[in-house]
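Kindly generate the complete structure, drawing on both the sequences and the hints.
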Amino acid sequence: MGGYNWNWPILFKEPYFTWIVTGFGKTILIAVLAWAIAFPLGSAIGIARTTDNGALRLGGTVYVEIFRNVPLLVQMFLWYFVVPELLPADWGHWVKRDMPYPQFLTAVICLGLYTASRVAEQVRSGIEAIPRGQRNAGLAMGLTSLQVYRYVLIPVAYRTIIPPLTSDFLGVFKNSSLALTIGVLELTSQARQIEEYTFAAFEAFTVATVLYCMVTGIVILAMRMLERRTRIAGTIAVGAQ
Amino acid sequence: MFAGFDFGILWLNAPFLWNGMLLTLQLTLLAVGGGLLLGIVLAIARLSSIKSLAWLVEAYVNFLRSMPLILVIFWFYTLVPKLIGRPVSGFYSVLIAFVMFEAAYYSEIIRAGISSVRRNQIAAAMALGLTNLQSMRYVVLPQAVRNMIPVLLTQSIIMLQDTSLVYVVGLRDFLTSADIVASRDNRPTELYLFVAIVFLVICFSASRLVNRLRRRYAL
Numbered sequence: 001m002g003g004y005n006w007n008w009p010i011l012f013k014e015p016y017f018t019w020i021v022t023g024f025g026k027t028i029l030i031a032v033l034a035w036a037i038a039f040p041l042g043s044a045i046g047i048a049r050t051t052d053n054g055a056l057r058l059g060g061t062v063y064v065e066i067f068r069n070v071p072l073l074v075q076m077f078l079w080y081f082v083v084p085e086l087l088p089a090d091w092g093h094w095v096k097r098d099m100p101y102p103q104f105l106t107a108v109i110c111l112g113l114y115t116a117s118r119v120a121e122q123v124r125s126g127i128e129a130i131p132r133g134q135r136n137a138g139l140a141m142g143l144t145s146l147q148v149y150r151y152v153l154i155p156v157a158y159r160t161i162i163p164p165l166t167s168d169f170l171g172v173f174k175n176s177s178l179a180l181t182i183g184v185l186e187l188t189s190q191a192r193q194i195e196e197y198t199f200a201a202f203e204a205f206t207v208a209t210v211l212y213c214m215v216t217g218i219v220i221l222a223m224r225m226l227e228r229r230t231r232i233a234g235t236i237a238v239g240a241q
Numbered sequence: 001m002f003a004g005f006d007f008g009i010l011w012l013n014a015p016f017l018w019n020g021m022l023l024t025l026q027l028t029l030l031a032v033g034g035g036l037l038l039g040i041v042l043a044i045a046r047l048s049s050i051k052s053l054a055w056l057v058e059a060y061v062n063f064l065r066s067m068p069l070i071l072v073i074f075w076f077y078t079l080v081p082k083l084i085g086r087p088v089s090g091f092y093s094v095l096i097a098f099v100m101f102e103a104a105y106y107s108e109i110i111r112a113g114i115s116s117v118r119r120n121q122i123a124a125a126m127a128l129g130l131t132n133l134q135s136m137r138y139v140v141l142p143q144a145v146r147n148m149i150p151v152l153l154t155q156s157i158i159m160l161q162d163t164s165l166v167y168v169v170g171l172r173d174f175l176t177s178a179d180i181v182a183s184r185d186n187r188p189t190e191l192y193l194f195v196a197i198v199f200l201v202i203c204f205s206a207s208r209l210v211n212r213l214r215r216r217y218a219l
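Chains as they are written, first to last, in this note's numbering: chain V, 1 to 241; chain A, 1 to 219.
These aren't lab readings, by the way, just hints derived from the structure by calculation.
Warning: the hint list may mix true and false statements.
Cross-link-like lysine to any residue pairs, in silico, SDA-like; alpha carbons within 25 angstroms at most [as the list claims (entries may be wrong)]: (1) A:Lys82 <-> V:Thr198; (2) V:Lys26 <-> V:Gln103; (3) V:Lys96 <-> A:Arg187; (4) V:Lys96 <-> A:Pro188; (5) A:Lys51 <-> V:Gly217; (6) V:Lys26 <-> V:Tyr101; (7) V:Lys96 <-> V:Leu29; (8) V:Lys26 <-> A:Val169.
Structure, rendered in structure tokens:
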């Protein structure tokens, strides 16, 4: 790296400082909103795959297989360029002309639906890991199927899948960088833009890297605390990775 | 729903798209190979009794795993030519990025596979008079490899999908080639749907095969 001109102060000059701050804010916002879609939807799909209803199981399986086996970037392009064309004419018109923040919202929806397929798999494996006897015992005690889920299966399953759900949340946080391909100015794209304007590649990428690592660290610590708090007495906690 | 769409465009551009697919496959195979080699080295280092080495590798793995792959690609794409001091083809910069990134994930899978073999098995091997190396070779690894191969294969399928991210530096892989045709002829629907279906077929069949393998070789 001989001859590289270090220029750390440039990160605090305007407009670069504002770029970093707004980019970071957008990254966080995309991740949180996408998770707000992914968690409930993924839970519903994951639970559907553990029921005795054949149609529900099939629907859940098809959803998961489609969203898991198409690259996320291709999904991003499909939502942004293709879906508006396939919608009924006036809907497509609205999406293309009047929808507010089109790139941002498209990214949130795309990431939310994709991450739902991952959450669904975690929820399903969490429920399937519970011995079948517990479900049967619940039914034998006269609980309805819904009550068995509400009082027996779900409280145990969600506790055991806290670590993999943490990685899925961190996954959506990192994947939010794909939004740059449709023009959302989030953290990675702002770092790239600073690099293009100032040639301070090392500084710009370093600040983005530090911010990503910081959030990852904070989330992991918080989830470890949550895991310790919700641990069922007598079970072994795995520890978030 | 598809009235007015022209899927003949795929046929017209088949050679161009096929070249893109070749680059995708090439990148995937080289990155999987390189990532596995480096991943094995990292896993061994992480399990070694030299504490500082194990700690260093753990830091490397956690560091890379908290970064988005796109940022890693940007890092290496701009950094590799600067480090070497002369222009390097984008393919090699990106390949290095993928190898370094995947190695972090592979090493975790390999480490977990080796750690999944119960400790008392090693104790039993020692009690039988096997040396350290022999107990690794005849007791630990045969079981560990069976446990880790399905996970390694699944990670490689994810890797195949992730290669599409080279789009951000304009390397002409399958998706980028389709994107070039899509914007040139203004046919995004046909092209992106085609790319999605091709990936869906490849990745779905591959993951089915992995599942069959998993059941067949499960301990």
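Non-conforming hints, listed in increasing numerical order: none
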